[in-house]
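Q: Residue strings, one per chain:
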Amino acid sequence: MINFIPELEARGNPSTTMNFLVPVIAVTLTILTGSVIFAMMGFDPLYALHTFFISPISTSYGISELLVKATPLALIAVGLAFCFKNNLYNIGAEGQLTMGAVFGGGIGLLFYDTSGFWILPLMIIGGAIGGALWGLIPAVLKVRFNTNEILTSLMLVYIALLILDYLVVGPWKDPQGYSFPKTRKFGDSGRMPLLFSGLRVHFGIIITLIGVFASWFIFSKTMLGYQLKVSGYSPIASRYAGFNQNYLIYTAFIFSGAFAGIAGLGEVSGPIGLLYRDISPNYGFTSIIVAFLGRLHPIGIIFASLVIALTYLGAEDAQLFMQIPAAVGFVFQGLVLFYLLGTELLVNFKIVFRKNI
Amino acid sequence: MDNLILKIDNISKSFPRVKANKNVTFNIKRNTVHALLGENGAGKSTFVKILYGLLKPDEGKIFFNDNVLNVQSPSEARQKKIGMVFQHFSLFDSLTVRENLILGIDTNMSFSNLQKKVNEISDKYQLPLDLDAPINTLSAGQKQRVEIVRILLQDPELLIMDEPTSVLTPQEVESLFKTLNTLLKEGRTILYITHKLEEVINLCDEVTILRDGSVIESSKLENETAESLATKMLGKKLSEIKTDYSHISNLISLKAENLSLNFNDPFFTDLKNISFSVKEGEIFGIAGVAGNGQSELMSLLTGEGIRGVTGSLIYNSVDIKNFNPKKRRDMSIAFVPENRLGHSAVPELTLSENILISQFPNNNFTNNGIINHSNIDTQAKKVIDQFNVVTPGIDAKASSLSGGNLQKFVIGREILTKPKLLIISHPTWGIDAGAEHAIRKSLIELAKNGTSIIVISQDLDELFEISHSISVIFNGQLSKSYETKNISVSEIGLLMGGKGID
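Listed in order, the protein sequences are those of chains A and B. For the first sequence, numbering that gives the first Met the number 0 gives the first residue as 0, with consecutive numbering after it. For the second sequence, numbering that gives the first Met the number 0 gives the first residue as 0, with consecutive numbering after it.
Excised from the complex, chain A in its bound form:
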């Protein structure tokens, strides 16, 4: 009997063009697979794809909504890039986002009946600190006890969500809220200014762009970015260079957490305006896909955040007009990640079939 066993063999010199095209190929394959899924569900694939990807952004309101969704996704993803470049798998951005919203939102609640230009900046700083502190927990645990940051950062997500839960049903509950699990609204000084009247796109997008630019600068121009990169590629070389590994772990998690925290604050002080249970439709987790789809590069992350934001909007429209469950949006996100990882693997490796003897 002859068996053929597939094996992976490293390509000596992976093509740079292909490497660059990885996200494009992944998105194309996702759309193709999506049409097959729509066809199997009995929909005209072209109509479904149009509903999913074109119609949501065919109005200025739609584009504004796309930017509203992309704002937190891009900011969290560039933050995550600090960790991922250093081979630290922080998957707890959702928790860091939540704690940012709690800290920053707490300040907003404190000054709900005060007005002043200083309130929003204070809330943003509060959000950054909240996220950074929550991000520091897995970092400290890793440095001190060599725990796995994947597990600890993930578990901390649920703790953060429960803390938020406790606050909105307990001490921070809106006194006039008929016992709904939500806080009172922030004052006007605690809200992100809107950029255009009638549209929800808000000042948070400016913060995101500043964050993206700052990360690009750090990654490509500074010693810190270089150290993160070296330590991610080869911890041994990093030790040889005399870089302080622990400092790099702390720094990466602080940036990651602070960016997620600001994104969380941006949500509650932007479109939402108060604190309640479901402040984030898994932005913290989805941003992991955004970060990888953008190849951990700030500019790439901007494009990736727009693509992934579209899957959120498309899912809503598909539910509305075609009665498809909104969960199909997560299917698309999953497909993108799957094809992304697959394409990347095949660019760097080729499959060879070896005869089994």
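The set of hints was computed from the structure by calculation and includes no laboratory data. Keep in mind the model is a prediction, meaning the values are calculated, not measured. A portion of the hints provided could be inaccurate.
Claimed, not checked - Calculated cross-link-like contacts (lysine to aspartate or glutamate; reagent style EDC-like; alpha-carbon spacing at most 16 Å): (1) A/K228 - B/E347; (2) B/K231 - B/E256; (3) B/K80 - B/E156; (4) B/K6 - B/D154; (5) A/K220 - B/D376; (6) A/K172 - A/D187.
Unchecked claim - Computed spacing ranges between beta-carbons, pair by pair: (7) A/R10 - B/I486: 46 to 52 Å; (8) B/S311 - A/F19: 52 to 58 Å; (9) B/S399 - A/G341: 52 to 58 Å.
Claimed, not checked - Pulled a few chain B residues facing chain A out of the computed Cβ check, cut under 8 Å: (10) E303; (11) N323; (12) E347; (13) L355; (14) G368; (15) I369.
The C-beta atom is built at its ideal place from N, Cα and C for all residues, glycine as well.
Chain A is already provided as a structure; the job is to place chain B on it using the hints.
A: Coordinates of chain B only, in the frame set by chain A:
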């Protein structure tokens, strides 16, 4: 029939960036020791991997006992009675000798039967083995013995030995040669792969010389001398390295006293009371068989592995034993560890970016944490020019360079920092003769300008060529140091085997 056991006909093999074997054609006579001589990178390993079924040739045929040899795997090769002892031992460190032997044979055999056969072989070839010893407690020579016994269990007609002496002491080499002679008397054939000329002269009957993947010559050894072989192997004559130590000052640059480090880990060698001193301008060599504490000592000297160290390491009248690599670099100490890829250079980064790995005092590479890319590029160009690094340019990834070129780049990078003390481990490991020569010359040049150099190496020829004084590390202990001109290779050999170190 003739008395050829192996006929190699036009074997060629290419890899993505190199043609490793070009129309390799030669014959091996039955019951001889046939040397395959060549520099690192000449294509020896590729050829034996093809012979042993690990690689498939692009073209050509091999005839074994007049039949076409077409093996797909090492186990098939072993069935056809071809055995091979690899340069890097393929033993399971955490298992015992017995378990390794059982795992290595392809047929089923009971433990008692195995015991009997092993005893026979041990007696016959004088290869004593303790079957219950875990592999990680054995010396390199003992590990090699396990490999040889494992191959002899299969009763091979043709035995391939790949650089067998590279990790042995001179005394162990002698006993290996005795074993090989016994094997020869029984009518077996040995293909002996090496780059050491003396071994070819002492042991072999015929020699095939490979250079750049092609056979340069295949002939009897009678008319050859070490010099004639060297010229053919290298393709050119290298100027002799002259060492003169009149420049050495009496000032001590680095003084180690009773450095000790316990790991409590069977995979590490504890360092015990290491003391030595290096003068300004001196090259101090540390010899020893691999695995006697060299890498532990190296990371202690570079500051990469210092947790729990006791004793003192005085440099510029400061005890630096607890300093990290960055702090040591700030004091003009430079290091070149043994491994290039992933240790002294990051393979995924460009040469330019790799310059930044080692930041020496007063470099102008960064300004308040902001990288000055043009200064780094200039420095990278300087290293490439001055040390003849063969590369498309400063934007080439470190992984795209050959071992020798990357080593030249790394050593050049460190030398250009104008260190006062350079600590270097296995400077010419796994690189071609041209690069080796260039590196040794640049080290001597550096010492002449007053830099103290510590060289840890297994290559005795290298240490005798460049170092002014020499010590031997054995089982985590360092012998006293001898002036190189006052000690012989065989005396050093005894120390490497642990005789004479208290």
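Q: B/I369 was flagged as interface toward chain A. Is the shortest Cβ-Cβ separation under 8 Å?
A: Status holds, d = 6 Å.
Q: Against chain A, with CB atoms and a cut of 8 Å, does the hint on B/E303 hold up?
A: B/E303 check passes; min Cβ-Cβ to chain A is 5 Å, inside 8 Å.
Q: Looking only at beta-carbon atoms, does the pair B/S399, A/G341 fall within the given range of 52 to 58 Å?
A: Since B/S399 and A/G341 have Cβ atoms about 26 Å apart, the given range 52 to 58 Å is violated.
Q: Assess, step by step, whether the Cα of B/K80 is no farther than 16 Å from the Cα of B/E156, and give holds or violated.
A: holds (5 Å)
Q: Does the hinted range 52 to 58 Å hold for B/S311 and A/F19 at CB?
A: Distance hint for B/S311, A/F19 holds at roughly 54 Å.
Q: Verify the proposed pairing of A/K172 with A/D187, using a straight-line Cα cut of 16 Å.
A: Outside the cut-off at roughly 19 Å; violated.
Q: Taking the closest Cβ pair, is B/N323 under 8 Å from chain A?
A: Nearest chain A Cβ about 5 Å off; hint holds.
Q: Please work out if A/K220 and B/D376 have their alpha carbons no farther apart than 16 Å.
A: Holds. A/K220 to B/D376 sits at ~14 Å (cutoff 16 Å).
Q: Do the beta carbons of A/R10 and B/I486 sit within 46 to 52 Å of each other?
A: The hinted range 46 to 52 Å holds for A/R10 and B/I486, with Cβ atoms some 50 Å apart.
Q: Is the straight-line distance between the alpha-carbon of B/K231 and that of B/E256 16 Å or less?
A: Since the Cα atoms of B/K231 and B/E256 sit roughly 47 Å apart, the hinted pair is violated (cutoff 16 Å).
Q: Between A/K228 and B/E347, is the straight-line Cα distance small enough, at 16 Å or below?
A: Holds. A/K228 to B/E347 sits at ~10 Å (cutoff 16 Å).
Q: Against chain A, is B/E347 within 8 Å by beta-carbon distance?
A: It holds, given that the least Cβ distance between B/E347 and chain A is near 5 Å, below 8 Å.
Checked against the numbered hints above, the structure breaks hints 2, 4, 6, 9 and satisfies the rest.
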